[in-house]
Every structure is written in C-alpha cells, then in structure tokens.
Amino acid sequence: MLFELVWSQDKSSFLIGEATHGHHQIELACATCHTSPFGGGEVIQDACVGCHGQELASAEDSHPKAKFTDPRNADRLAVLDATECVTCHLEHQNEQTRAMGVTLADDFCWHCHQDVAAERPSHEGMEFDTCASAGCHNYHDNKALYENFLVKHANEADVFMSAKRPLREAVTQYLANNPNTKALTVADIELVEQAPGEVYQHWQASTHATVGIACNDCHQSADGIWQQQPKIQLCQNCHQQEWENFTQSHHGMRLSDKLTQTLSPMTPAQGRLAFQPSSLAAEMTCSTCHGPHELNVEKAASESCLSCHADEHSLAFEQSPHGQLWQQELAGEINKGEGVSCATCHMPVVEQGKQHQVMHNVNHNLRPNEKMLRTVCMNCHGLAFSIDALADKDLIKNNFLHAPSVHIESIDMALERLK
Amino acid sequence: MKNTLKMTLAASSIAILTACGGDKEAGISPQQFTDALHLVMDSDRAVYTKKVVGRLTKEEKVIKASEHFMDDKALPLPAQMFRFGAETVAEKTDEFTYSLQSLWPINSQNAPVTAVEKEGLQFIVDNPGKNFYKEETLGGKNYFTAIYPDVAVAPVCASCHNDHKDSPKTDFKVGDVMGGVVIRVPLG
Chain E
1 MLFELVWSQD KSSFLIGEAT HGHHQIELAC ATCHTSPFGG GEVIQDACVG CHGQELASAE
61 DSHPKAKFTD PRNADRLAVL DATECVTCHL EHQNEQTRAM GVTLADDFCW HCHQDVAAER
121 PSHEGMEFDT CASAGCHNYH DNKALYENFL VKHANEADVF MSAKRPLREA VTQYLANNPN
181 TKALTVADIE LVEQAPGEVY QHWQASTHAT VGIACNDCHQ SADGIWQQQP KIQLCQNCHQ
241 QEWENFTQSH HGMRLSDKLT QTLSPMTPAQ GRLAFQPSSL AAEMTCSTCH GPHELNVEKA
301 ASESCLSCHA DEHSLAFEQS PHGQLWQQEL AGEINKGEGV SCATCHMPVV EQGKQHQVMH
361 NVNHNLRPNE KMLRTVCMNC HGLAFSIDAL ADKDLIKNNF LHAPSVHIES IDMALERLK
Chain U
1 MKNTLKMTLA ASSIAILTAC GGDKEAGISP QQFTDALHLV MDSDRAVYTK KVVGRLTKEE
61 KVIKASEHFM DDKALPLPAQ MFRFGAETVA EKTDEFTYSL QSLWPINSQN APVTAVEKEG
121 LQFIVDNPGK NFYKEETLGG KNYFTAIYPD VAVAPVCASC HNDHKDSPKT DFKVGDVMGG
181 VVIRVPLG
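Protein chains in written order, with the working numbering: chain E, 1 to 419; chain U, 1 to 188.
What the hints contain is simulated information worked out from the structure, not anything from laboratory work.
This one's a predicted model, so the numbers in the text were calculated from it and none came from an experiment.
Backbone N, C-alpha and C define an ideal beta-carbon position, used for all residues, glycine too.
Incorrect hints may have been included.
Stated by the list, open to error - Simulated crosslink set (DSS-like; lysine-lysine; CA at most 30 Å straight-line):
| # | chain 1 | residue 1 | chain 2 | residue 2 |
| --- | --- | --- | --- | --- |
| 1 | U | K130 | U | K118 |
| 2 | E | K258 | U | K61 |
| 3 | U | K73 | E | K143 |
| 4 | U | K165 | E | K419 |
| 5 | U | K165 | E | K143 |
| 6 | E | K67 | U | K118 |
| 7 | U | K73 | E | K164 |
| 8 | E | K143 | U | K169 |
| 9 | E | K354 | U | K165 |
| 10 | E | K371 | U | K169 |
| 11 | U | K130 | E | K143 |
| 12 | E | K299 | E | K393 |
| 13 | E | K371 | U | K64 |
| 14 | U | K58 | E | K143 |
As the list claims (entries may be wrong) - Residues from chain U that keep clear of chain E, each with C-beta distances beyond 10 Å, as calculated:
| # | residue |
| --- | --- |
| 15 | V62 |
| 16 | V156 |
| 17 | D176 |
Kindly generate the complete structure, drawing on both the sequences and the hints.
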C-alpha cells in the first residue's frame, strides 16, 4: 500500500468508488483533481473550475458562485452550499449519481424557489423535482429557455423551408487571411520513397495540400529528422482550438494537457456505451476519424462514428429521416448543407464572434441536451418542436424517427403571461 | 489575487486618510470605506448610463441596450453592468460585497432579504438624500452594512423599468429613488 501511495503509477487501490460517466476515463489520474493532499474544498473546486470554468462562462451560467458569496445568502447557503460544485456533483458515488452527474435529491430548486407560484401562477402545484427535469429549466445553461427567447421563437414551423446546417469555412477563412498561400500538388514536393502511392493521392486531394502543408511540415522534427509516425500533439500546432475542445471530450480527455500523468488514448473497450466488437481496440486520436492523409471530413462526420458506436440511437441513424438526408447529400441529390450527419448535431459548426469552427468536444452540447437547441436544432426546426423532441426519450433512442410525442408547455406559459 | 487587493485597499486607505488629515494608526472607519466605494460605483455607473448607453441609444441611435445583450448584439443595461462588476469583485475578494436591490425589483432575487436590507431600503425611500448605515449578523458573522439611494439619473432608467412586464412599479420618474446600493463589510 505504501509503495502504491508513494511510488507506483497505478493508484487503483485508492479508488473509493466508481467514477461518473464524465470522469471514469481519467479516474486513475488522481492528482488531476486531487491536486494537493492538504487543503479543503477549495482544492477540488479549483480543479473543477480549471476544466469546466470556460464552459460555464460561455453558458452564461444562471447560478455562478459569485452570485452566492454575498453574506445576504448565508441562510440559503446553510441549506445548500451553491458555491461549490461538489455540493451537487459528488464524485465516486456511482450508486446515487443521476443524469448530468447530479448526486443531490431532485428537489434542490425548492430550497430557494419555493415561492415561485407567487410570481408565476402557472407554476402552482408543480412538483419541485420537475423544474430541471421537464425540459423547462436548467441550473446552469438557460440560453435557449429564458422567457423572452421562448416568446421570440414561439409559433415557428416544425421544419423550416430554409433548413440548412452552417457549413465549415475554416479553409475559406484561412485563404482569405493568407492570400499568398500556394496550393501544392505532388509535382511540387520531394517524394518520400517508402510511402505507398495512395498517400500522395489522398494528400493532394486534402485541405492540407490546398493550404500548402506538405510532408515535412508534419513528418519532420524541429531538428530535421524524419518522423514516420508524428505524435498526435503535433496537430495542435495548427489546430489549437480543435485540440482544446477534443481533449475536453470523452473522446480525447485522456490526452488532455491538464492531466498530471500521461495516459494512453481512449479506446471503445474502455467506454461504457455499446460499441462494435471490431472497434474495441481503436485508439481515439485525430487520425482515427480523419485519416492521417485524406482528412476526409465527410467520412469523419458519420462513417467514422458508426464504425465504433453501436448503441440504439447510433444504429437507428441510417434509417432515420436525418440519416436519409445525409445519404442524399453524399449522393449529390440535395444541396450541400441540407443533409444531417452525426457531426451535424454532435460536432456542430459553431459561431465564435465572427469566426466559425467545428466543435470538437462531442459532449459539450449534451450536458444537458437543451444546449443543442440554439446551435443545432434551430438551424432547421422551430423552437417548440425542438424542445419537445429533445424531451422525448423514446424519440432520442430511435434517432428522431417520427414527430415528438411529448409536449413541453414552457412556450405556452410564456405566451400566456403576455396576455 | 486577494493579497493584491488587500494591498490596494491599504493604499487607498492611506490616500483617504492623508486627504482627511486623519490618524494612520486608527485606520479608516467602515463608513468611510463604503462611502468611498459607493462614490466610485455611483460615478462610474452614471457615466456609463449617460455617456455610453444614453448617448449611443437615444442621441446617436447607433446601437440598442438590451437585457439580452449577447443575443441582441447590444449594450448591457447599466444595472447589468453594475451586477457584472459586483460578481467580478466577488470572485476576487471577500473583503466587501455589494449589490443593487429594490423594494420594486424586476428580478425578485434583488428584493431585500435581511431585516437590515428591508429597513434600509425603506429608509432611503422615506428620507431622500440620506444614506442608511447599520451593523448586522449574518451566518454568525458581523457586518457593517451601508445602503445608498439609487436614483433614476436619466429618463431611460424610469421608462425601461416602467415598461418591463416584471416591474412591480410602473410610475417611476427621473429623480425618484428606485432602489439602493447595498455595500457590506465584514467586521472583526
């Protein structure tokens, strides 16, 4: 035990309970969260904020810590300490961990909002375990659920005539910012003899060739030595934002720069979902989905996902309306942007200021899934239809095979207040 | 960060003391401290309200100010600007806290909670031009609490509150006390 505590890299004997869905991949990199053997709750709190702080800020967190440190909330904090993440999200308590990693009883809203019906008569008699579970409110992210937003998007069509996903534009932006970029072909580069012929074909057709990135840019180390298999970390030299997002996801968190020890890449065998048996040993790196030379983003948008994922939702994709549209787009039967791939919803093209980028954290908009409303669903569907669809658990399982069979009344209530 | 702030506060204290000709050993009183803080807060907010929001939205009409300024690509409202400052301070120090409260809040979470807040907000409404100071005990700790009247400095303050569907009061006028700035300093 002493050996393990002090010298061994393997700390599995010290696990006091199975880690949550969100952390089990890194549960043996103990010091990532337990940064010091001394100190109180602030040690863990700093670790939580270190990885999740940026996401909370971008969600315009409805309950930031700074709202609760005012002494006027002392009575409330005595009941529910909203200044620490672990008050609601206790780790290693698998038997009492529910959706979103919440370990607190579901009526936590009641402690501060028990008089809600005084302001909102429509809420009279509602159970206090339904605030955050009925598709109406979230503790942190309410960007698509606040009253004015509901009113603004009331009465929208189920499916827009102009339904279209935002298109990737990183290469266009790069070329606009770097007008002297010269696209390369095989004729421009020094061939590496041992490379098979298809490597050159793949590269020449890729965006790397378009923006003038050749073999040596990835395969040659700083001191000029040829690297047969460049390390994955090399990708982040140019794709910093993608790398940061990828290493915050369940796919890439084992490679995060924030871990205090080096872990091998994630494999489906280590996952908790259903996967294709043939994929279990596949290591999740950039080239797993993109291919090292072809950089095929269409393949990465669905085919790569389905080569591993075999849960009910994934297996239902190809027969779903979304999946059918994707097949039509690949076949050139509909316009580019009118199909819906796995990536359309799980790795959407998101706006950051005036820039657009592909969100490489596949888990970002699933905690909770209402985060999908603005960046994903509402490109094609009205808000009411989208809220209902995301609240319909059976519909999620069959990959949105039919119209929603549940109805969330939030927009109705918001409109009622205007009368 | 906290150490930096303490040093800054200490430096401010000395500056105030020198200006007042006071005794350095005794330090400044909690009231001098909150009065100085409020002077900065009040001045900054009036400048933002008049020279940024008022000018750009009403005179030059080049941008709107909106409660949902991110979605509307607009300016934050003066009260929001104030609250964001208070939240940023709360992330950096526990030496003092401040908030904007009202007997007629648009957001009910900004209604007075403690007995002193209730008494003080009523006092500044009943006694125009006067501030309210009292000690109170919250969560087992003693605090010096100062409450300053928050007056409608521009027509837009009154009209925006009067027109908001969640406002409990709809007849505010320029010059009215609309609420109060509550500043709290831990004692001992």
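Q.
Output the indices of the hints that this structure fails to meet, ascending.
A. 2, 9, 10 and 11
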